[in-house]
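Engineer: Sequence:
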Amino acid sequence: MALEIIWTPRASEGFDKIIAYLEEEWTEREVGNFVKQVYSFLDQLAEYPHLLKPSAKKLIQRGPINKHTILTYRIKPRKKQIQLLNIRTARQHPQK
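In the numbering used here, the protein residues as written are 9 to 104.
No lab work stands behind these hints, which were simulated from the structure alone.
Keep in mind that the hints are not guaranteed to be accurate.
Said to hold, decoys possible - Have a look at the derived ranges for each label pair, beta carbon to beta carbon:
id	residue 1	residue 2	range
1	S48	K87	21 to 29 Å
2	P62	E38	16 to 24 Å
3	K88	S63	18 to 26 Å
4	Y29	S63	24 to 32 Å
Ideal Cβ placement from N, Cα and C applies to all residues, glycine included.
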């Protein structure tokens with residue numbers, strides 16, 4: 009059974025910033041392909057929540073969606089949810 013994906017405000021903001029940048033630099037088709045790739049990855053993640061490697065913090069996973077985008081999320085097994093904590097470009101340094 010797939011877990012529910014929950015976007016935090018920080019993850020939504022990070023995703024929106026990436027899309028805004030891509031819209032300036034890439035074609036509409038490429039941006040659309042990126043969005044499809046992210047949502048396809050999230051569909052896989054809902055089915056396989058331990059897809060990415062665990063971080064030092066309990067129940068938090070982190071890893072690449074693709075070679076340019078990093079996802080950090082928390083698994084909430086009791087609520088059957090995956091909480092997206094942050095989405096950022098691989099070039100950005102994570103905030104502590």
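Engineer: State for each hint whether it applies.
Structural biologist: Evaluation of the provided hints:
The hinted range of 21 to 29 Å is satisfied by S48 and K87, whose Cβ atoms lie roughly 24 Å apart. Checked against the hint of 16 to 24 Å, the C-beta distance between P62 and E38 comes to roughly 32 Å, which is inconsistent with it. Between K88 and S63 the beta carbon distance is about 21 Å. The supplied range of 18 to 26 Å therefore holds. Look at Y29 against S63: about 25 Å separates their beta carbons, and that is inside 24 to 32 Å.
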